[in-house]
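Mapping to the UniProt record's numbering: the sequence shown position 99 is 99, numbers consecutive.
Quick caveat, the hints were computed from the structure, so don't treat them as lab data.
Each hint can be trusted.
Here are the simulated DSBU-like cross-link-like pairs (lysine-lysine), alpha carbons at most 35 Å apart as the crow flies:
hint: 1; residue 1: Lys111; residue 2: Lys57
hint: 2; residue 1: Lys148; residue 2: Lys111
hint: 3; residue 1: Lys57; residue 2: Lys83
Fair warning: this is a prediction, and the values are worked out from it, not measured in the lab.
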Amino acid sequence: MLAGRNILFSRSSVISLQNSGFLKGLAFTRYASTFALNTGIVFVPHREAWVVERMGKFYKILEPGINLLIPFLDKVKYIQSLKELAIVIPKQSVITSDNVTLDIDAVLYLKVLDPYLASYGVEDPEYAITQLAQTSMRSELGKISLDKVFAERESLNIALVESINKASSSWGISCLRYEIRDIAVPQAVREAMQLQVEAERKKRAAILESEGIREADINVAEGKRKSRILASEAEKLEQINRAEGEATALLAVAEARARGLEVIAKSLGCQDGKNAASLNVAQQYVSAFNQLAQRGNTLILPSNVNDVSSMVAQAMTIYQKISKASSENMLDSGEANREGQDQSADELNDGSVAVKSAKCEV
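Construct the complete structure from the given sequences, taking the supplied hints into account.
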């Protein structure tokens, strides 16, 4: 029990002396035991490995707990901590691939896997791993540019860990993580980077503004297109409705005229009907000339303008033709009724054709 306490006290004394700089540069580090003799019983703390030498030669590694040693022959030479250790990598200057000088410091997290190799594989494990981390950092940063140093810091840390583990595998030490703490950029480079950032922000703002204008123009054009389509469809429907209305009106007028001609044709069968028709034609003739006299148009008139009786005679001739055609149609329809029901429809159609031809002559 006394021997174990003396060993722990000696190790703490070595650590304090190293921190003060008194033992800086010596071969042994804080892992070395300064206790040369033992009383036979030692207690090893948890998560520590004590390396024992017998008569100056490696003997064994003590496990945590109580251990028995031969006094004056066995000596605890090294005490290795099996916990994860954090080592601060001092700030150093490195040069990137685009010739920019940076000041970088970092923290290295490592762990002792093999106490024997950590004790006898390298003289000073902490110093060796620190120097290896610095050289690996210079090598990796020399391969990339300044922009990638900031953008790919995580991948850079992984590459440094792999590079350190390749070289430290023979020391019984494993590098767990490598974290870059601070990157100091020269003032001129910092100002240039600031200008670059501002230019990039302005470019993004201009791009966003142009995209907004483009979207607005697209929306306006789309709205105009839809409105024109709707207007054209409405105009088409309006024209269709107007055409249907005009067609219906023309049909109604045509039917009314046809019925009127039929009535006139029936009326011409008597003498009073003929006289009434003559009077109507004469009145319309005179009314038409009155309207022509009220307009300032150049017209070509027939030579017998004042011969109203001749115009009435012509009109009566047309009425007589219509009356004759109507009577013939009536006779034909009577004969068709006597012949049978199948031919009656054809005869009526012939009568309609005759009436329509008379209408055309009128």
